[in-house]
Amino acid sequence: MKCEICGKEASSQFCDLHRTAYENLVEKFEVWKKALKITWTGYLDEILRNPDTGIWVKEVARQLLSQGLSSRE
Amino acid sequence: MVHRTVLVLCEKPDAAVRVAKALDEREKPSERKMNGVPYYEAKRRDERILAVPARGHLYVVAPKLKDRSIYPVFDFHWLPKHEVERDAGQTKTWIDVISRLCKDATDFVLATDYDIEGATLGYTILKYACGGKENEAKRMKFSTLTTGELRESYERLLPQIEFPIAEAGTCRHFIDAIYGINLSRAMTVAAKRWSRKYATLSTGRVQGPTLEFLVNREKGINSFVPTPFWTVKSKVRIGDNIFEAEYEKEMIERFDEANAIVSERKGRIGKVTTIEVKEFQQAPPTPFDLGALQTESYSLFKCTPRRTSDIAERLYLEALISYPRTASQKLPNSINYRSILESLSRISAYKKLALMLLSQQNLKPNEGKKQDPAHPAIYPTGNLPERTLTDGERKIWDLIVKRFMAVFGEAAIKQSIKVSLEADGYRFYLRGRRILKEGWMHFYSPYTRAEEVLLPHLNEGDEIEVLEIIREDRFTSPLPRYNPASLLKKMEQDEIGTKATRADIIETLYKRGYIAEERIVVTDLGFDVVDVLGKYCPEIISVSFTRDLERRMEEIQNGNEKMENVIDRAVNQLRPILEELKRREEEIGQALSEAMKKARMQERIVGSCPVCESGKLMILCSRRTGKRFLGCTNFFNGVCKTSFPLPQNGTLKPSHRNCRGCGWSTIQVKIKGKRPWILCFNPKCPLKEGKT
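Keeping their order, the protein sequence lines are chains A and B. Everything in the first sequence is counted per this note's numbering, starting at 12 for the first residue and increasing by one. Everything in the second sequence is counted per this note's numbering, starting at 5 for the first residue and increasing by one.
Hints were generated in silico from the structure; no laboratory data involved. Yeah, the Cβ is synthetic: ideal placement off N, Cα and C, and Gly gets one too. Take these hints with a grain of salt, some might be off.
Derived DEER-like restraints, expressed as beta-carbon distance ranges [said to hold, decoys possible]:
id, chain 1, residue 1, chain 2, residue 2, range
1, B, R523, A, T50, 31 to 41 Å
2, A, V37, B, R627, 24 to 34 Å
3, B, E521, A, C17, 14 to 24 Å
Calculated pairs, PhoX-like style, for lysine-lysine (alpha carbon to alpha carbon, straight line, at most 20 Å) [claimed, not checked]:
id, chain 1, residue 1, chain 2, residue 2
4, A, K13, B, K539
5, B, K237, B, K223
6, A, K69, B, K223
7, B, K237, A, K19
8, A, K45, B, K406
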């Protein structure tokens, strides 16, 4: 299986590096929700705009948005 | 009447001049040259002294087997540098000259730097170039190249060279060669066999773990998710001045909570509830060891550790400072603090400061804990420059002089004031900082970093006008990237590498293309190299593995361990790793070749395509015409046909800078014999208007 983002070997949707980024993204959503009462897509938009967001996280966020993932809302 | 000819072996020509001058009765040695190699002849009582310089290491450790494509190899020996390295310069002539001068000598004295490298370099030259004189040679031990210290060390020669240190140095050279050559060869050969292209890939005992620190930090940064928080502050007027007071909670994690403080504001008056005043002492800094000098110099002047170390070395060779490659934070009384300060007082810039210290009854430096058996901390010798120093040299020398003076200063006394202010039921703190007594800071100016915030006199119960309450939207930040100085500090903390080698290892990582930029970014190639090493031989990038070796090598120096045991152990650890690498050479070769191919592609990417915005502009070569041009990577998927012409002469590479006229990416063009220039390829760039 290949990573959907970078095409590297992966055991699931993402390679190790993008999976870690994805896990961080999901974990921190809880903090954002508590702080701002934000939706999942709103959160992904904010994350993409933030200059301190890691590049792998941005790649994951972009991928999730392009897939129209709204399951976490 | 000359009875003896003493050959004094020095580390470098500059050091040989100083030694010869100090030992000559008239301080005027004769400069001689043999086949272009300089040496200096001095006369002292019944002795003819030949101060002969080396040129750094003249011998290097190399495998006995010469074929560079074979690994693993464990049989190594010392060889003249010119037989191993292509760019060894005049090493052969140098060795021949030393060998010839040795024939006239009746006595041998080693006067190289008194540290692990100096001892090893001296040992190999005495053993191989001088035909086995290592056992009869005596040793000059000194920490500065001042006339006084050199004469004294010649009068009190140590009966023999420092064999345990030379043994530890030899061991380090052997182990580094065994690791470096085998691992680098394994990587290079694997990649070459797979791709049929040659490229130097390297790793080593210290290089691997250092790169791993950087990769781990990069991973943290690249997968960092910022989270929001808020800070609240109020602007208050006291007298004619406006001050900022911060809310008692430094970080507010919910927007509602932060917003409430701002929106619920009713009154305009705050009341001072408490005033806390604290006084505290700040001890003087400790004297510089090399690591501390490199860190300070980077933070003040942005001077890389390697450059600082090179400048310090030059200052040492000019007898302006003591030996800089030291780990010590001690300044023994024997260096004679007073005479150094008296000498420094001859310079107008230091006169006042030096005289202030000299007026003290008792001069006691604030020493740190770190010790070095060979040398004290770095200090100015008191000698004054004999030529105009370069800007960099002057800055480093001034820093060392000021630091030396500051360590004798009294503690600085500072005061902190915390005023609690109640406004609308919320508590704010107004903070002030004052320096009550400068102490050592006076001597370390302008290198101290202390800003004062002076508050007017306030009493509990005073009412203060609150002008506004402000909410600041903030986000958490990732850990900062390492810079060369903070990386050096990390290596020091983790006890990998030595004070002499750390800066060079960082430079090698840059040269190999594993890292880039001043705030260090790991390149894709760097990531992939660590990936491959982590997958196939994780021990090589393990800090504990190399730290254990470092400790064993130190034990040799202390006389508690034998070189042979340490080398055997290292070889036994490395052998199975190399066998595994060999077994999986094809997989490794494929992974590394792909990484290098990607890195080469990356080197040709100039920036984002300004037309389709999703593709990248890349330096390409037309198959039809053979001409270079800039094309969008989306051309290959049929999305974007953007292309721009490029100069056909010289070398081109992305400049990583945007054009100041149109903001597009630019290219650096280098043509032989001309100054490199930056090209903006945008034909409609406003800067090109009017130019045809």
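Q: Go ahead and decide if the range 24 to 34 Å is satisfied by the Cβ distance of V37(A) to R627(B).
A: violated (46 Å)
Q: Hint says 31 to 41 Å; check whether the CB-CB distance for R523(B) and T50(A) agrees.
A: holds (35 Å)
(Q) K69(A) and K223(B) were given as a pair; does the straight-line alpha-carbon distance stay at or below 20 Å? (A) holds (13 Å)
Q) Does K539(B) lie within 20 Å of K13(A) when you go C-alpha to C-alpha? A) It holds: about 18 Å lies between the C-alpha atoms, which stays within 20 Å.
Q.
Need the status of pair K237(B), K19(A): alpha-carbon distance at most 20 Å?
A. violated (48 Å)
**Q.** 20 Å limit on alpha-carbon distance, applied to hinted pair K237(B) and K223(B)
**A.** Given pair K237(B), K223(B) is violated - Cα atoms ~34 Å apart, limit 20 Å.
Q | Pair hint outcome, K45(A) versus K406(B) [Cα-Cα no greater than 20 Å] | A | Judged against 20 Å, a Cα distance of about 52 Å means the pair is violated.
Q: Can you let me know if the beta-carbon spacing of E521(B) and C17(A) is within 14 to 24 Å?
A: holds (22 Å)
Taken one by one, the earlier hints fail for this structure at numbers 2, 5, 7, 8, listed in ascending order.
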